[in-house]
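Chains L, C and Y: place on chain D using the hints.
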Amino acid sequence: MNFELSEEQKMLKKTAHDFLAKKYPKDLVKKLEESHKGYSQELWKEMAELGWMALVFPEEYDGIDGSFLDLVILLEEMGYNICPSPFFSTVILGGLPILMAANEEQKKELLPRIAMGELIITLALTEPNNGLEAKSVQVKATPSNGEYVIKGTKLFVSDAHVADYILCAVRTEDASDLERGITVFLVQAKSPGVQCTLLKTLARDKQCEVIFDDVHVPKENIVGTKGQGWPIIKHTLEKAAVARSAQMVGGAQAVIDMALSYSKARVQFDRPIGSFQAVQHHFTNMWADIIGSRNLVYKAAWKISEGGLAGLESAMAKARVGEAYRRVTILGHQIFGGIGFTKEHDMHLYHRLSMAGDLSFGNVDFQREMVATELGL
Amino acid sequence: MNFELSEEQKMLKKTAHDFLAKKYPKDLVKKLEESHKGYSQELWKEMAELGWMALVFPEEYDGIDGSFLDLVILLEEMGYNICPSPFFSTVILGGLPILMAANEEQKKELLPRIAMGELIITLALTEPNNGLEAKSVQVKATPSNGEYVIKGTKLFVSDAHVADYILCAVRTEDASDLERGITVFLVQAKSPGVQCTLLKTLARDKQCEVIFDDVHVPKENIVGTKGQGWPIIKHTLEKAAVARSAQMVGGAQAVIDMALSYSKARVQFDRPIGSFQAVQHHFTNMWADIIGSRNLVYKAAWKISEGGLAGLESAMAKARVGEAYRRVTILGHQIFGGIGFTKEHDMHLYHRLSMAGDLSFGNVDFQREMVATELGL
Amino acid sequence: MDFDFTEEEKVFRKEVDEFVREELPPDWDVKTSYWPAGYGTLAQMETEFADYASEFHRKIGKKGWLSCGWPKEYGGMNSWVKNAIVDEVMSYHRAPYGGVATWISGPTIIEVGSESMKKEWLPKIANGEATFWLGYSEPNAGSDLGSLKTRAVKNGDEFIVNGQKTWGTGAHVTDYCWLLAKTDPSARKHGSATLMIVDNKTPGIDIRPIENILGIHSFNEVFFDDVRVPEENVVGEINRGFYNVMLALQYERLIMGMGAFRRVLEELIRYVKETEYNGQLLKDDPLVRNKIASIAIEIEVIYSFYWRTAWAMDQGKFSETEASVFKLFGTELSVKIACTAMEILGLYGQLERGSKWAPLLDGWASIGYLDAISGPIGAGTSEVQRDIIAIRGLGLPRD
Amino acid sequence: MDFDFTEEEKVFRKEVDEFVREELPPDWDVKTSYWPAGYGTLAQMETEFADYASEFHRKIGKKGWLSCGWPKEYGGMNSWVKNAIVDEVMSYHRAPYGGVATWISGPTIIEVGSESMKKEWLPKIANGEATFWLGYSEPNAGSDLGSLKTRAVKNGDEFIVNGQKTWGTGAHVTDYCWLLAKTDPSARKHGSATLMIVDNKTPGIDIRPIENILGIHSFNEVFFDDVRVPEENVVGEINRGFYNVMLALQYERLIMGMGAFRRVLEELIRYVKETEYNGQLLKDDPLVRNKIASIAIEIEVIYSFYWRTAWAMDQGKFSETEASVFKLFGTELSVKIACTAMEILGLYGQLERGSKWAPLLDGWASIGYLDAISGPIGAGTSEVQRDIIAIRGLGLPRD
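Chains as they are written, first to last, in the numbering used here: chain D, 702 to 1078; chain L, 702 to 1078; chain C, 45 to 443; chain Y, 45 to 443.
With the rest of the complex left out, here is chain D:
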């Protein structure tokens, strides 16, 4: 056992922390969140120069061969500071499934460009009134002249409005086993028939409605094997859940750090509010929530890094963080009082993200159901 970050990981963490604190002040974060595009191209380039987009990819694709755990450490800092950008979409939702399932030609074509920060990719999965199970994939692609034609609506597609490519999970055959017959296509975002509308969400986190109106995709653009796309999606969801959890733990840490400073300085009834037992107990609960959740996130990330199946660990981590981050921001607001309820303050950014994070890639109840299944129930 070893529960410490390696020296390299500590350095990565520190670099990321300092870079983000310097480059993404909260004024900029707020500006980006309210902007249409949602990110700064300039900073995107700087992040690429730091090797962040390359971090998790093998050297042969111009990556720097980091582990999934390394990525999680970086994401934790991105959650701590908040870093509006299509990083999550491109690396986790786009890059990782390509690395996992694409053919060599596709990898050579795409991964180096992802690693260089030249491409933005995302994943279109969720459909109206459906969940994250195999049966929820109902949008169809029908073969036509050596191509496939996709027709249907996908929702909550992150960063699709700025993406170059969209990985799109669709049904190519109706098998009785619903986990079969799903295919992942690499769709050019500018293809005719792709209509992308930005949704206005609680966290302004650039999720889109994407309508595929008879979009033609060459069969060469299948990622993996036709009809066998579900395992790609499933493992991507697993990783996405852990990656998102890492961001959320980082966010929760930021909240407690802010609230701690405030409660030591803010005086009411002639004493710092942090000296009240009720406030102290709030902090204990917040802190314990955070470290407990972080342990689960790291364990799931470690398991994925080791190449093991992490269905249970990933579901446990996401469920736990989903609860914990929400509890932490709510208590954080309780400590900040009125000032935290103003737009000018930073608390609400985290409060919004705690909920958005919980909702993404399966909320608490969804993940608990996954845990139950993994436990053999």
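Because the hints were derived from the structure by calculation, they are not lab data. Ideal Cβ placement from N, Cα and C applies to all residues, glycine included. There may be inaccurate statements among the hints.
Said to hold, decoys possible - For the chain D half of the interface with chain L, some residues (derived, Cβ under 8 Å), not all of them: (1) S976; (2) F977; (3) Q978; (4) A979.
Relative to the frame of chain D, chains L, C and Y by itself:
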């Protein structure tokens, strides 16, 4: 609106409080709980003399024409002090369904004797691995020579081991509508074939396994109409849920009263523990839990007293009290610390009853499901 | 005991309900937001609705519905239950109703105001012609009002006010400030302040907007720079301000927009009955049923506190402790409901109003998730409420 | 990072597990009770099992498993992780294992004991030949140890002890008292006490049973009446007792019977897979699934604290704050699990062992519901833990 007890109700409450405090010291309560019979015949007679068994029955059956709300006030005091006796079984589970559904002859025969404290009656409903819905009644009674023959096992039958009669809900026909075909029989507890075994329960509250091994019951002993017993059971369960909730609120009040005295007197770190903010907040939570629950219990009791349908109110009250009483005893233990974990102390009596109370007549989740149904879901 | 309204109250309730349904514009629900026990989304606090709210208020005032709780001699109906009925119905419909004037200023003037003050102010308040904002909190006096710094110095027959008030909910859309200012800096903490009425238009008052986390301007930072207040605007005795503030507490506690709880429950129920998820109606999911029942039960609990408190006020038996429990539970329940709504709505819960995919009254849940956190911190934090209940209500020793 | 055991640890764990499975009598599960983080049902504290426990202890001791965490020079394996492994496996099987001697006395003697004390006591403890009970708490010194009244007065080369200790878990089945007594009544609170070892058989010691709420005799009230303790039994410096008590805190924190959490989860899972209710397997009820998953996740969280703490001890990086969180979460989780078990088992949960209808290891849930409440009050209440974490861990200002 009027949220105050009437003068008569206040007097009933005070009389009951004082009588129980005097006659049922905790040493006796503990002794009775550990005894086989579970109650004192002498005190039973005294309670009858006070008119408690007669309280809720009409004057024509030697009752004193009190309301269900009056009964609930009495039960609250019984829960406050703890009063081991077959009162609940006899009056609520036995007397009320008889008053509601029996024919005049049966009422004349039974109710005055109940009112005088001469009879102990109970209700046999629950069956192994089944719940409290109509479909859960599966034990059968088959007609045979103008009689019915009951065969099957009933569980968790309160006070059956000391009862004179057992009301037994059984299935007399298999209708596609499971709410039809249920019949309530009045069974003499000493009938051949009735085997009664006391179950050892958490609260030592004298629940029995009752095996009906070809028990013959004359058809005159049907209560209400053959095949139409479900509404009798349903309304009895509704009243029982409210009546039990009243006992539970009383118990919770006893816990907070004990804990308040203790926390004002017990000194740690040179101050009474009740001066710690964390302890104060525990008390606020307990107290708020209790008064909120009591409001719902009184409302449900009032609705029943007024003769209205109280399915929603009863389920809300029982669900709320089930949670609240458990929370209150757990916090109570937290305040008493080690001393409350000893057999000699009284806390554990309430802790046991909080769970037994929740389990009886449908626990929190069961009642919430009822609430959902009542809300049209 | 009797948990029901009287026949007269039932008729009254129906009258109020019908009036509001007819009166409010048909697109009112789409234009406004509201979350139970939230401070961030009251239509009457927004500039956009100021004119309409003021007109609506005057109509309501004409019917006597702004002063139901007042004694008959001051034009009231002597029934806080009726007042509570009006409030419950109004908040159910999100009507731009209610405020400091009718719940706090009016009753306080009745209790401690001079005869001339009563004559001047009570009719205006009852008619909806004078609206107030609450000038209590300051940047360093939130939970701890005793620390306030705003000074009012006697100068001839005027007071000269200097200082800064914060939150000032609706200061920009109301007429007067219900100001608490320090008049005797030498006295100990709670014997040093005075209540007075200050016209918003007095020179030296600078009202600066604070945008809340919903992006709505409902709060204000208000600066007082040599603001002159005529002596006759003092409410009650000089230097008795803190005591007079406490007097109004009982009336204030009931302002929670009770009907909004009923409304949000109804909306949730409607939603789960209509919405399919993975091919199943949400209402058939046992977890969803359990969650909604749990909320419905808690709403019933706070309703019980609500009516009891209103009734007790009419009996002269107001219990501060129970009213504090009402505030505490209500505001914390508001957060729980927002979370539950989000759990049930899933991804759709995060959509803001205007989205074609936003369910539940067009993005309501998302608004609620933001607004709900204001309840347990506004008007006495949950922590302060819990202290008060334990110490004053249950007699626990002070620290 | 590495969340896995080393190969050697895996082999070790298997060895311990197999040994216990073979060693324990086949009816052990039926004869004994155990609830995670409960203080009321430890077999080794009951008279009935005293002889067996003592024999079992010596066997374990012979294998070196009572002292895995100790430095090699004192016969240990220098691995608190191994110690934690032994404890986890033992508690999974409810083995009559562990206690004050190995977790507190041994490590404290190693840190502050004299050479002669080490020579005399460490082997006996490691071999399972000397068992201890903890003589800290007194009737008026529970959470507040500083208030203790038991006095030890120097008299020649002896101390004469007078006073009363309470709880004294297992005093009646162990050999020695690990006593904290006041040796300098004039000193300020925490510079006034001394740790010493007292033989239970010394004249003047009166051990009176306290029955706990499960009806089990595990606690004792112990009276010291002119009890003579040889000076060489003093542990560490005189008047440094409070500091020496704190030293052992890190070892003590891990005694929670971690494996019992895993066990109870497994039993619950087995139960819902096998049991029908209203004709449906319980495992197919979404509410039941949600509840069990929720528990499983929390158990995983405290396991993470457990292994991290053991590992950190081996690295010399023990964090008191994290260990306090472990204790706090673990004991509160124990209550949650007991409640959840009752919610799932319904009416059957209340049956006590011996009933033919009692499910889940013959009445376990009912035992758990009683035992669980002891965790958050024993060995530092949840309130005290929360204070410590906030003040010492997070640097919040003292009151």
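Hint check results:
no.: 1; hint: S976; result: violated (10 Å)
no.: 2; hint: F977; result: holds (6 Å)
no.: 3; hint: Q978; result: holds (4 Å)
no.: 4; hint: A979; result: holds (5 Å)
Of the hints listed earlier, the one the structure fails to meet is number 1.
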